[in-house]
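What follows is the residue order along each chain.
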Amino acid sequence: MSLSTLFNRRINRLGSRDFLKAIRPFVGLFVVLLLFAMDAELRSLFFKGSNFKMILTQTVIVAIGAMGMTLVIVSGGIDLSAGSVVALCSVVTAKLIEQGHGFAVVLLLTVLAGGLVGLANGGIITAFRMMPFIVTLGMMGIARGISKWLANNQTVNPEQPLESVNSLMDNSQSPLTFSPLPDGVWLALGLAVLMAVVLRSTVFGRYVFAIGSNEDTARLCGIRVNFNKVVIYALAGAFFGLAGVMQFSRLTQGDPSVAIGLELQIIAAVVIGGASLSGGAGSIPGSVIGAFMMACLANGSGIKDWPNYMQEIIIGVVIILAVGMDKVEPFIQRLFKRQSSSN
Amino acid sequence: MKSWLLGAACAALVFVSGCGSQSGDSSGNGLTIVVIPKGTTHEFWKSIHAGALKARQELKAAGQSVDIIWKGPLKEDDRDEQIKVVENFIARGVDGMVLAPLDDKALVRPVETSGNADIPVVIIDSGLQTDKYTSFVATDNHLGGRMGGAHLGKLLGGKGNVLLLRYAVGSASTTKREQGFLDEMKENFPGIEVLSSDQYAGATRDLAYTASQNLLSRYGNEVNGIFCPNESVTVSMTKAVRDIGKAGGMVKIIGFDTSVQSLRDLKSGDVAGLVVQNPLKMGCLGVMTLVEHLGGKAVAKRIDTGVALITSENMSEPDMQELLNPPLEKYLGTGN
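Residue numbers (the working numbering), protein chains in the order written: chain A, 889 to 1231; chain B, 8 to 343.
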């Protein structure tokens, strides 16, 4: 056996494993949909265009948050402040609308506000070499507190609603048909494509993977690790800011107590999507599918009228299964290999 | 002046049992109705649930079979979660909804969506800033506030100093109670001075306790009567009054809603009276109104479910007992 064939085989194996990993969330989603299709009641009620529009709209906030979180988790970090930043930014949106700004200004400044929180996260983490878990845990409280302070401990209801922001997540005019999809869904889909390309095919995207795989090696290779980490957290914050605009649009009000625990849903979506909390693995399409799958499960449980606790248990099981597949897959592969070698 | 109040109270009592609406025509096939509360654990919502099941029983007896689905938000007091529950039932395509909105603005769009999907919605308990609903079935909170004010004025003999500790900024139902109390004082008891009416307690008992202490340290020596617009303020204010040694009737406290502690205080005489709502009737009338609407009848846009004043003298009367301890087991035990 020549060295080149050995090398080729190695590449193939790596490739097939990566491929398996990449399609896993899609397979998971397919299994869920298949299970739903086997149930007569769900078949008629779940698989309707209008219902899918509803699920897609419900997915938008978690999906946009998951795009930012994917960057952070792939780089080996974590951001627990996501939910609080979403709440803070929903209040910021409301305040900006109250001051009479237009659509573009509201969107830009809110995203910027989220980005600033992320910048603070990244700055503290790199400057003082602190654990991301601790820093963002602290920021979770700080951002929540600031949002309550800004909002004076109540919801903020702009007297002159800005229709363009409100309509981002509005389905109320056509609840019985699939189209038109609300703008927020298109925006999320477009961003998902953009971010998938950024993470896979740009220098910055590869740096994110390199830092998450092995930070020291990345540093030795000449990657400006600290700078890139700050950019990653700031970018993630910007995504949470955008999710905050969507949250405002959904409630049509700024609510400082909204999105409590949302960060855990976002992290769950990213993990179901194939990311590893130890860094170096994960993908944008996977995370978005993860978010969509969780919304499907919640919607299906609702239609089946399962009690709330069942829904919580099911999603918990799915998270563990998704991560557990990491351990099961090599086992299955070995099994296949033994069979093929005995032939 | 008090005759209309009394009349209202009596009307409320008459309808305590049997939620006051008679069965109409029955349209044969069964209806699926979802009842969405703000939360599921509080005693108040259990009474609403019992009321909804009571309506089902009465409708069944009248030949109309109704399926009641009881579904609260996954996380209590989370507006986004309640919106999801409403949306998922629109997707499921129920015949109608009875909804207690967590927020008078955030739930507007889901209710409008529901209307566009031809699913009528009856709002219970708290108002909504739209008119795209079928009917609003709730306590007349303004009347409740007036009732409490009238009783307090009577106890004080039309003179003295009173305090109002408000509940929380932006809470619609308690704001109406507070306004009702102030209106009653202004119109019918000119001899009574309201020392303070601009302080807010905040959402929790702990915050309310601090606010009560602060208020009493300022006005504790001059105050004769206090009105508390909800359960947490009532309990906390009573505790603070006990702390300064003015409990047991030296300062007359009128509260709103009931809890184990406030009933204990009422019995011991620390609280002079409690204005109570009728959640059982609210749940029952909510479903009844929706079914009438679905049967093609015209229903009133606003339906009052009544309030009653409970004092230590009348609290053992059977009517009051039914309000204080609604027969939940009777309905929830046998229900779904």
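I should point out that these hints are in silico values taken from the structure, not numbers from a laboratory. Please read these numbers as outputs of a predicted model, since none were measured by experiment. All C-beta atoms in this analysis are idealised placements derived from N, C-alpha and C, irrespective of residue type, glycine included. Hints are supplied without guarantee of correctness; some may be wrong.
Claimed, not checked - Heads up, simulated EDC-like pairs for lysine to aspartate or glutamate below, C-alpha to C-alpha not over 20 angstroms straight-line:
#1 B:Lys139 with A:Glu986
#2 B:Lys112 with A:Glu929
#3 B:Lys78 with A:Glu1051
#4 A:Lys1192 with B:Glu50
#5 A:Lys936 with B:Asp125
#6 A:Lys936 with B:Asp85
#7 B:Lys53 with A:Asp1193
#8 A:Lys1036 with B:Asp85
#9 B:Lys78 with A:Glu1200
#10 B:Lys139 with A:Glu1200
#11 B:Lys112 with A:Glu986
#12 B:Lys112 with A:Glu1200
#13 B:Lys82 with A:Asp1193
#14 A:Lys1192 with B:Asp102
#15 B:Lys304 with B:Asp138
#16 B:Lys82 with A:Glu1200
Unchecked claim - Going by beta-carbon spacing under 7 angstroms, a handful of chain A positions derived as facing chain B:
#17 Leu930
#18 Ser932
#19 Leu933
#20 Asn939
#21 Thr1065
#22 Gly1190
#23 Ile1191
#24 Met1198
Claimed, not checked - Sample of chain B residues lacking proximity to chain A, with all beta carbon distances greater than 10 angstroms (derived):
#25 Glu65
#26 Ser72
#27 Gly79
#28 Asn95
#29 Phe96
#30 Arg99
#31 Ser121
#32 Glu329
The hints, checked one at a time:
1. B:Lys139 with A:Glu986: Measuring from Cα to Cα gives roughly 25 angstroms; hence the hint is violated.
2. B:Lys112 with A:Glu929: 33 angstroms, violated
3. B:Lys78 with A:Glu1051: With a Cα-Cα distance of about 31 angstroms, the restraint between B:Lys78 and A:Glu1051 is violated, given a limit of 20 angstroms.
4. A:Lys1192 with B:Glu50: 26 angstroms, violated
5. A:Lys936 with B:Asp125: Holds: A:Lys936 and B:Asp125 sit about 17 angstroms apart, inside 20 angstroms.
6. A:Lys936 with B:Asp85: Measuring from Cα to Cα gives roughly 27 angstroms; hence the hint is violated.
7. B:Lys53 with A:Asp1193: 19 angstroms, holds
8. A:Lys1036 with B:Asp85: With Cα atoms ~15 angstroms apart, A:Lys1036 and B:Asp85 stay inside 20 angstroms; holds.
9. B:Lys78 with A:Glu1200: The given pair, whose Cα atoms are some 15 angstroms apart, holds under the 20 angstroms limit.
10. B:Lys139 with A:Glu1200: It is violated: about 33 angstroms lies between the C-alpha atoms, which goes past 20 angstroms.
11. B:Lys112 with A:Glu986: 16 angstroms, holds
12. B:Lys112 with A:Glu1200: 28 angstroms, violated
13. B:Lys82 with A:Asp1193: Answer holds: B:Lys82 to A:Asp1193 is near 16 angstroms, not above 20 angstroms.
14. A:Lys1192 with B:Asp102: 16 angstroms, holds
15. B:Lys304 with B:Asp138: Status holds; Cα separation ~18 angstroms.
16. B:Lys82 with A:Glu1200: 11 angstroms, holds
17. Leu930: Hint violated; A:Leu930 Cβ to chain B Cβ min 10 angstroms, cut 7 angstroms.
18. Ser932: Not OK, violated: A:Ser932 not within 7 angstroms of chain B, min 9 angstroms.
19. Leu933: Holds, because the Cβ-Cβ distance from A:Leu933 to chain B comes to roughly 6 angstroms (cut-off 7 angstroms).
20. Asn939: With Cβ-Cβ at 4 angstroms, under 7 angstroms, it holds.
21. Thr1065: 10 angstroms, violated
22. Gly1190: Check passed: Cβ of A:Gly1190 comes within 3 angstroms of chain B, closer than 7 angstroms.
23. Ile1191: 5 angstroms, holds
24. Met1198: 11 angstroms, violated
25. Glu65: Given a closest Cβ separation of 23 angstroms, the condition holds.
26. Ser72: 17 angstroms, holds
27. Gly79: 7 angstroms, violated
28. Asn95: For B:Asn95, whose nearest Cβ neighbour in chain A is about 3 angstroms away, the distance does not exceed 10 angstroms, so it is violated.
29. Phe96: 7 angstroms, violated
30. Arg99: 5 angstroms, violated
31. Ser121: 8 angstroms, violated
32. Glu329: Holds, because the least Cβ-Cβ distance between B:Glu329 and chain A comes to about 30 angstroms, which exceeds 10 angstroms.
When each numbered hint is compared with the structure, violations occur for hints 1, 2, 3, 4, 6, 10, 12, 17, 18, 21, 24, 27, 28, 29, 30 and 31.
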